[in-house]
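Now for the letters of each chain:
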Amino acid sequence: MDRRSMMKFAGAAGAVAGLGALTSPARAAGKVTIALIPGLTADGFYVTMHKGAIAAAQALGVDLIYQGAAEWNVALEVPVLEAVVAKKPAAILIAPNDKQQLIAPLKKAFDAGIQIVCVDTFIGTGVFQTGSGDADFPVSYVASDNVLGGKMAAAALGKAIGGKGKVYVANVKPGISTTDQREQGFKEGMKAFPGAQVLETQFNDDDANKAAAQFQAVLGRAPDLAGVFGANLFSASGAANGAKQAGVAGKVKIAGFDAPESIVAQLKDGTFEMTIAQHPAEIGYFGLVAAYAKVTGNPVPTAIGTGFTVMTKANIDDPNVKKFLYSSK
Amino acid sequence: MSEPAPILSVRSVSKSFGAVRALDRASFDVLPGEVVALAGDNGAGKSTIIKAISGVISRDGGDILLDGKSVAFATPHEARDSGIETIYQDLSLADNLSIGANIFLGREPMRRAFGFLPVLDRRKMAEAARETMARLDFHVDRLDAPVAAFSGGQRQAVAIGRAIFWNARIVIMDEPTAALGVPEQRKVMSLIRSLKAEGKGVIFISHNLRDIFDVADRIVVFRRGENAGERRPAETTSDEIVRLMVGK
Amino acid sequence: MTTAAVPAPSARISPLAQVARLRAWLFLILLAATFEVWTRIANGASFVLSVYNLQAIAIFASAPLMLGLGQTFVIISAGIDLSLGFVMGLASVVAAHAANFGLARLGMGPAEAALFGIAVGVLATVPAGLVNGWLIAVLKVPPFIGTLGMYGVSRGAAYLLAAGMTVAVNDDWYGAIGNGRLGPFPVLVLLTAVACVALHYVLSQTRFGQHVYAMGASKAAASRAGIDVRRLTMKIYLLSAVMGGVAGALYTGRFSAGAPQAGEPLLLDSIAAVVIGGASLFGGSGTIWGTVAGAFVIAVIQYGLVLVDVEPFWQFIAVGGIIIVSVLVDQTQRRFLGGRVDE
Ligand SMILES: Nc1ncnc2c1ncn2[C@@H]1O[C@H](COP(=O)(O)OP(=O)(O)OP(=O)(O)O)[C@@H](O)[C@H]1O
Ligand SMILES: [Mg+2]
Chain A
1 MDRRSMMKFA
11 GAAGAVAGLG
21 ALTSPARAAG
31 KVTIALIPGL
41 TADGFYVTMH
51 KGAIAAAQAL
61 GVDLIYQGAA
71 EWNVALEVPV
81 LEAVVAKKPA
91 AILIAPNDKQ
101 QLIAPLKKAF
111 DAGIQIVCVD
121 TFIGTGVFQT
131 GSGDADFPVS
141 YVASDNVLGG
151 KMAAAALGKA
161 IGGKGKVYVA
171 NVKPGISTTD
181 QREQGFKEGM
191 KAFPGAQVLE
201 TQFNDDDANK
211 AAAQFQAVLG
221 RAPDLAGVFG
231 ANLFSASGAA
241 NGAKQAGVAG
251 KVKIAGFDAP
261 ESIVAQLKDG
271 TFEMTIAQHP
281 AEIGYFGLVA
291 AYAKVTGNPV
301 PTAIGTGFTV
311 MTKANIDDPN
321 VKKFLYSSK
Chain B
330 MSEPAPILSV
340 RSVSKSFGAV
350 RALDRASFDV
360 LPGEVVALAG
370 DNGAGKSTII
380 KAISGVISRD
390 GGDILLDGKS
400 VAFATPHEAR
410 DSGIETIYQD
420 LSLADNLSIG
430 ANIFLGREPM
440 RRAFGFLPVL
450 DRRKMAEAAR
460 ETMARLDFHV
470 DRLDAPVAAF
480 SGGQRQAVAI
490 GRAIFWNARI
500 VIMDEPTAAL
510 GVPEQRKVMS
520 LIRSLKAEGK
530 GVIFISHNLR
540 DIFDVADRIV
550 VFRRGENAGE
560 RRPAETTSDE
570 IVRLMVGK
Chain C
578 MTTAAVPAPS
588 ARISPLAQVA
598 RLRAWLFLIL
608 LAATFEVWTR
618 IANGASFVLS
628 VYNLQAIAIF
638 ASAPLMLGLG
648 QTFVIISAGI
658 DLSLGFVMGL
668 ASVVAAHAAN
678 FGLARLGMGP
688 AEAALFGIAV
698 GVLATVPAGL
708 VNGWLIAVLK
718 VPPFIGTLGM
728 YGVSRGAAYL
738 LAAGMTVAVN
748 DDWYGAIGNG
758 RLGPFPVLVL
768 LTAVACVALH
778 YVLSQTRFGQ
788 HVYAMGASKA
798 AASRAGIDVR
808 RLTMKIYLLS
818 AVMGGVAGAL
828 YTGRFSAGAP
838 QAGEPLLLDS
848 IAAVVIGGAS
858 LFGGSGTIWG
868 TVAGAFVIAV
878 IQYGLVLVDV
888 EPFWQFIAVG
898 GIIIVSVLVD
908 QTQRRFLGGR
918 VDE
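Chains as they are written, first to last, in the numbering used here: chain A, 1 to 329; chain B, 330 to 577; chain C, 578 to 920.
Keep in mind that a hint or two might mislead.
Simulated pairs of lysine-lysine, DSS-like, Cα-Cα distance not exceeding 30 Å [what the hints assert, rightly or not]:
no., chain 1, residue 1, chain 2, residue 2
1, B, K453, C, K796
2, A, K166, A, K191
3, B, K453, C, K812
4, A, K313, A, K268
In case anyone wonders, no lab produced these hints; they're calculated from the structure.
Given these sequences and hints, build the entire structure.
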């Protein structure tokens with residue numbers, strides 16, 4: 001296992017291996033059209049995912065349609081899906097806005113002969129092609145393994161605090177599958193540090209201002225607070241600001257999740273001890289490859305987990321790390 | 330006998346709202362110290378004519394003369410500046426403000442706090458409120474209370490007080506007694522008489538013929554936006570006025 | 578002149594109405610007392626007599642309060658400004674870009690660039706405020722709908738300008754405005770206090786403020802009294818947007834980054850602060866000090882419950898409960914005072 005970067009290659013490597021065969025000229029005759037519907041368009045994570053999909057589409061000679069709603073809302077995503085279905089792509093990569101409500105619309109697309117690949121989020125249980133249940137029809141689920149991401153955060157943060165002291169998870173709100181999984185992974189990972197104690201999770205509604213106040217309140221009651229795991233960007237930057245306001249910046253270690261470009265300066269000035277970068281471009285890339293493989297009659301793994309990179313002040317200038325920053329360009 | 334010159338002359342004023350001809354060459358005069366009652370069925374155009382006078386709406390044709398000079402007010406503000414105050418049954422007061430603040434609404438007096446900072450001159454407003462209400466024989470002990478705390482008649486008095494405070498020469502009242510109890514209606518009637526005594530011209534709209542006969546010097550009847558007749562109370566009867574109103 | 582004697586009006590403000598008027602401060606005192614006892618028992622420390630706690634709460638309350646100050650004018654005028662959620666984000670993103678532009682292209686020093694960023698960020702909200710005002714005053718669009726439209730537009734603009742991400746700023750001066758102290762006072766809190774005093778003056782001591790109240794009681798009365806209600810409406814929404822701009826520009830300094838979604842979670846808290854502070858959503862009532870108390874009520878509950886380690890979900894219940902009690906008190910007060918409030 002690479003120290004900086006871990007990947008669950010089980011599925012991904014297989015898909016990459018198949019790439020050469022898939023691009024054989026015999027298949028290139030009729031151009032394949034594949035659509036990508038992000039969870040929302042206005043988000044660096046999905047922008048980066050789109051770029052990964054473009055890279056794969058170019059390599060495979062696929063026509064890529066990119067359409068999405070401006071915000072995270074089932075009522076907006078379904079019309080976009082229907083409009084995309086009307087264009088009759090061979091496959092759709094989609095980040096469903098809801099586990100349940102997207103099942104029927106996607107089933108309709110599937111029944112019309114379109115292959116479905118879930119990226120980042122999923123429908124039903126996220127376990128596909130089992131032959132049971134009403135939501136097992138998608139070909140594959142391609143996403144970060146968020147439990148793993150949480151565990152990596154625990155490993156890195158636990159080490160940074162020397163394995164002792166109090167920590168807590170700053171989280172958005174309960175019920176979001178990805179952030180719930182990160183929290184779960186983090187708590188599991190912290191078990192490796194028996195000297196450390198995980199306090200009650202604080203939910204901030206994605207409000208950095210509230211996350212900052214919560215940090216100060218927790219510190220007020222637990223002066224031996226050693227670290228915080230912010231399960232998403234605003235949770236982490238809010239907690240980091242709380243530390244700054246309380247005058248304990250750098251003393252209480254903040255581990256973040258996700259890696260917009262603005263994280264670089266915050267790692268360098270010690271606002272963040274580390275951040276766990278997902279690999280959204282890989283999700284887009286492997287999602288598209290999986291869809292193409294299915295359309296061209298090749299076997300596809302039903303779950304593909306993409307990796308993470310732990311970014312710190314020490315490694316952020318390394319091009320191999322830097323390339324995982326979510327970029328709009 | 331030569332009558333004094335009218336303060337206000339409405340001459341052949343017309344106004345249409347789309348296909349509805351709300352006013353069709355409506356005319357009447359108001360003399361100083363005179364109470365002119367406008368009578369007419371619902372939709373006869375009474376409110377429309379006073380809105381045309383007070384700058385709420387523009388007229389399509391005809392002329393309005395103030396002291397013999399043609400005027401066309403673009404806003405109620407301009408009409409007020411020319412001495413025309415209008416009192417509505419329910420629209421003229423801000424219920425959450427004090428009597429003084431209502432009297433000065435839109436023309437608040439300012440003073441300088443610490444010699445430089447402009448602030449509302451609440452004392453001046455309260456003083457004016459006390460004086461004005463005393464002039465109308467209302468004695469108020471809580472000048473900072475919002476007018477919502479007063480009765481309908483008391484609030485009507487505030488509206489009338491505003492008109493006399495600003496030295497209105499013409500006071501227009503659109504159904505000022507419609508929602509009042511009998512004692513309060515009487516009070517408003519007596520206020521109208523005091524305005525008249527101060528030499529103001531009063532335009533008074535009411536559906537209550539008894540009130541009209543009580544205070545009016547002249548009754549101008551409208552029917553479907555047109556003049557249907559003009560009578561002095563002493564020379565007519567309610568029955569005749571009603572006949573003029575319905576056109577039979 | 579003396580006419581028929583009629584009982585003199587004697588409008589008294591009942592003690593009950595006085596209590597209702599000051600309810601936000603009462604809530605605040607009750608909350609502070611409760612947490613004082615609670616933290617002494619749970620943590621063995623004072624709640625109120627802790628500079629640390631007071632600083633944290635004041636900083637916490639600052640951001641929603643900035644939004645709430647402009648919103649107070651809007652709500653008193655019987656309107657609502659939902660666009661603030663993203664007008665703040667738009668200002669935050671624009672301020673970040675402008676500060677960076679000042680540093681990189683205009684050769685500004687960090688102090689100049691910070692001020693430049695703040696100025697440009699605040700200016701960026703002017704069109705939003707004017708369009709809100711125009712929609713509501715001229716096109717007669719209901720405020721709820723008009724500002725919801727602007728919510729969407731500024732959201733889109735903010736995300737486009739930020740390319741769906743956050744925009745980092747590296748400017749120590751700007752950071753100091755967001756996170757610095759003057760003595761024991763966080764700069765953010767001092768700036769918010771200045772804004773409170775200034776806007777209290779505007780609302781309570783100027784013609785503009787007086788007209789805002791009149792308009793909230795009755796637009797027709799205001800307009801018949803000669804107030805230009807259209808211009809007034811434009812000014813009110815402009816003020817609200819600019820306060821959103823100030824909040825957004827300060828956010829950028831505090832978090833060293835402009836974020837499109839900076840204000841969205843604050844919008845409802847800011848409205849709640851105004852309502853808890855004694856304003857009626859029907860318009861005509863409300864004060865700046867009420868809103869200040871309302872913002873602190875929300876901040877104290879949320880901070881206090883974390884400090885004494887209560888399950889997080891109780892926070893939602895507590896804030897929701899206070900809002901409900903507040904609105905009920907308002908209704909009751911209306912019934913007592915307001916048998917006469919027509920319409
Ligand atoms: N703003 C408007 N738009 C369209 N039509 C209007 C408008 N204002 C008045 N009207 C119409 O003009 C006519 C005269 O109305 P006005 O209000 O002047 O009557 P009125 O004599 O005051 O009646 P009432 O005794 O019921 O108050 C009516 O047919 C009315 O419907
Ligand atoms: Mg009428």
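Right, here's what the structure says about each hint:
1. Taking the CA atoms of B:K453 and C:K796, the gap is about 25 Å. The hint holds against a cut of 30 Å.
2. A C-alpha spacing of about 13 Å is found between A:K166 and A:K191, which places the hinted pair at or below 30 Å, so the restraint holds.
3. A hinted pair counts as satisfied when its Cα atoms are at most 30 Å apart, and B:K453 with C:K812 qualifies at roughly 27 Å.
4. Note on A:K313 and A:K268: the hinted pairing holds, with a Cα-Cα distance of about 5 Å set against a maximum of 30 Å.
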